[in-house]
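Chains as they are written, first to last, in this note's numbering: chain A, 20 to 117; chain B, 7 to 253.
Calculated directly from the structure, the hints in this document are not laboratory data.
Where is the CB? At the ideal position from N, CA and C, for every residue including glycine.
Be aware that a few hints might be false.
[To be verified] Far from chain B, by Cβ distances over 10 Å, these chain A residues were calculated:
{"#": "1", "residue": "Ala37"}
{"#": "2", "residue": "Leu38"}
{"#": "3", "residue": "Leu48"}
{"#": "4", "residue": "Thr56"}
{"#": "5", "residue": "Leu78"}
{"#": "6", "residue": "Val79"}
{"#": "7", "residue": "Phe83"}
{"#": "8", "residue": "Phe102"}
{"#": "9", "residue": "Val103"}
{"#": "10", "residue": "Ser105"}
{"#": "11", "residue": "Leu109"}
[What the hints assert, rightly or not] EDC-like cross-link-like pairs, simulated, lysine to aspartate or glutamate; straight-line CA separation at most 16 Å:
{"#": "12", "chain 1": "B", "residue 1": "Lys84", "chain 2": "A", "residue 2": "Asp43"}
{"#": "13", "chain 1": "B", "residue 1": "Lys66", "chain 2": "A", "residue 2": "Glu32"}
{"#": "14", "chain 1": "A", "residue 1": "Lys36", "chain 2": "B", "residue 2": "Asp168"}
[Claimed, not checked] Anything over 10 Å on all C-beta distances counts as not near chain B; from chain A, calculated:
{"#": "15", "residue": "Leu35"}
{"#": "16", "residue": "Leu49"}
{"#": "17", "residue": "Pro64"}
{"#": "18", "residue": "Tyr69"}
{"#": "19", "residue": "Val76"}
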Amino acid sequence: MYYQNVKLYTFIERNLKALSTPDDYFAVLLVSLFLATAALWLINPAAQVYFYVISAVMLVYAPFSKIRHCIYFAYARLFFGKFVGSRAVLPHNQQQVM
Amino acid sequence: MNPGSVNTALGILNKQLNQPLSAALEVCARCGICAEACHYYAADPIPEHVPAARAEELRKVYRTEHDLLSRLFPGWTKSEPLTEEKLASLAEMAFSKCTLCYRCTTNCPMGVDTPLLMTTLRAMATATGNAPEILEMLADAAIEKGRDPSSYLDFFLDSIRDMEKDLQDLTGNPNARIPVQKQGAKTLYVALSGAHTILPAVAIFETVGEDWTLSIYEASNYGVFLGDASRAKEIARRIVDEAKSLA
Numbered sequence: 020m021y022y023q024n025v026k027l028y029t030f031i032e033r034n035l036k037a038l039s040t041p042d043d044y045f046a047v048l049l050v051s052l053f054l055a056t057a058a059l060w061l062i063n064p065a066a067q068v069y070f071y072v073i074s075a076v077m078l079v080y081a082p083f084s085k086i087r088h089c090i091y092f093a094y095a096r097l098f099f100g101k102f103v104g105s106r107a108v109l110p111h112n113q114q115q116v117m
Numbered sequence: 007m008n009p010g011s012v013n014t015a016l017g018i019l020n021k022q023l024n025q026p027l028s029a030a031l032e033v034c035a036r037c038g039i040c041a042e043a044c045h046y047y048a049a050d051p052i053p054e055h056v057p058a059a060r061a062e063e064l065r066k067v068y069r070t071e072h073d074l075l076s077r078l079f080p081g082w083t084k085s086e087p088l089t090e091e092k093l094a095s096l097a098e099m100a101f102s103k104c105t106l107c108y109r110c111t112t113n114c115p116m117g118v119d120t121p122l123l124m125t126t127l128r129a130m131a132t133a134t135g136n137a138p139e140i141l142e143m144l145a146d147a148a149i150e151k152g153r154d155p156s157s158y159l160d161f162f163l164d165s166i167r168d169m170e171k172d173l174q175d176l177t178g179n180p181n182a183r184i185p186v187q188k189q190g191a192k193t194l195y196v197a198l199s200g201a202h203t204i205l206p207a208v209a210i211f212e213t214v215g216e217d218w219t220l221s222i223y224e225a226s227n228y229g230v231f232l233g234d235a236s237r238a239k240e241i242a243r244r245i246v247d248e249a250k251s252l253a
């Protein structure tokens with residue numbers, strides 16, 4: 020019983036479950052299908068049409084969903100770098116210990 | 007709570023919605039890596055203590071106001087409009103479940119600035135009278151101190167004279183002194199607050215023979231804790247003015 024609980028716990032991460040919205044699940048599904056059909060196309064050229072359909076759906080849905088973090092994350096990194104990098108807080112190897 | 011506090015809070019959110027705040031609100035991928043970085047989560051590992059979950063509470067409100075999909079289908083993105091009850095719970099969370107330490111941001115693969123979101127929530131809470139009263143009093147007292155330092159200067163100087171005895175014991179130098187507001191000193195030391203933040207630094211200054219002086223103000227800025235930019239500036243200005251007057 021204990022072993023089963025541990026297995027279930029590792030499969031369903033309770034923090035992520037509490038955090039996630041239906042949009043998150045759908046976004047992950049779309050991106051997974053996009054990658055899967057891309058891989059399938061390499062194996063079987065007949066999968067090309069599925070790849071294009073999934074890609075189109077994903078690209079249309081991306082601006083409205085959490086997938087847009089793929090575009091915006093660069094700005095968050097930029098602001099983070101501006102905030103801590105300009106003060107030499109990070110990276111730590113800039114700090115000399117005497 | 008004041009009537010119309012929801013509109014006031016949303017007004018503060020919209021006013022503060024600059025590029026870094028927009029990025030912090032948009033970018034979270036909800037991966038949960040920040041959980042392990044948070045000392046609240048380390049002490050009590052419940053989902054509410056995950057920094058992303060705290061930030062998500064503000065994002066729910068933000069999405070209701072600014073996201074097309076969330077306006078059309080609130081359940082799809084778990085968006086929630088701001089209500090007075092929600093504002094009170096957000097304020098309680100922003101003040102008592104985050105120390106703005108930036109460990110979550112440092113560990114975030116996206117660099118999401120969760121403390122900035124918590125600061126924004128604090129500003130919304132302060133503007134609507136939901137901030138802890140003690141912080142408001144401390145901020146106002148600090149500003150008052152800057153306006154008229156003479157009211158407490160004698161008491162402060164007496165406590166410094168007492169501290170000098172501890173310094174002499176600590177350094178073994180019977181002539182060790184703590185100079186306060188010395189004109190032309192090379193370094194102005196602004197202690198965080200209290201003897202425990204003054205003595206260790208003073209012992210080092212004394213030992214290396216630094217030309218320094220002690221500020222009569224404390225470095226703690228309660229305006230920053232409140233997320234209140236105008237009070238924060240006023241509190242910081244005291245120290246800048248003091249430094250200029252001693253130069």
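Going down the list of hints, with the structure as the test:
1. Ala37: Incorrect as stated: the minimum Cβ-Cβ distance to chain B is 4 Å, not above 10 Å.
2. Leu38: The claim breaks: A/Leu38 does not keep its Cβ more than 10 Å from every Cβ of chain B (closest is about 5 Å).
3. Leu48: holds (14 Å)
4. Thr56: holds (22 Å)
5. Leu78: holds (15 Å)
6. Val79: holds (12 Å)
7. Phe83: violated (4 Å)
8. Phe102: violated (7 Å)
9. Val103: Its Cβ does come within 10 Å of chain B, the nearest being 8 Å, so this is violated.
10. Ser105: holds (13 Å)
11. Leu109: A/Leu109 is in fact no farther than 10 Å from some Cβ atom of chain B, at 7 Å.
12. B/Lys84 / A/Asp43: At roughly 10 Å apart (the allowed maximum being 16 Å), A/Asp43 and B/Lys84 satisfy the hint.
13. B/Lys66 / A/Glu32: violated (21 Å)
14. A/Lys36 / B/Asp168: violated (57 Å)
15. Leu35: violated (5 Å)
16. Leu49: Check passes; 14 Å lies beyond 10 Å.
17. Pro64: holds (33 Å)
18. Tyr69: holds (25 Å)
19. Val76: For A/Val76, whose nearest Cβ neighbour in chain B is about 15 Å away, the distance exceeds 10 Å, so it holds.
Comparing the model with each earlier hint shows violations of hints 1, 2, 7, 8, 9, 11, 13, 14 and 15; every other hint is respected.
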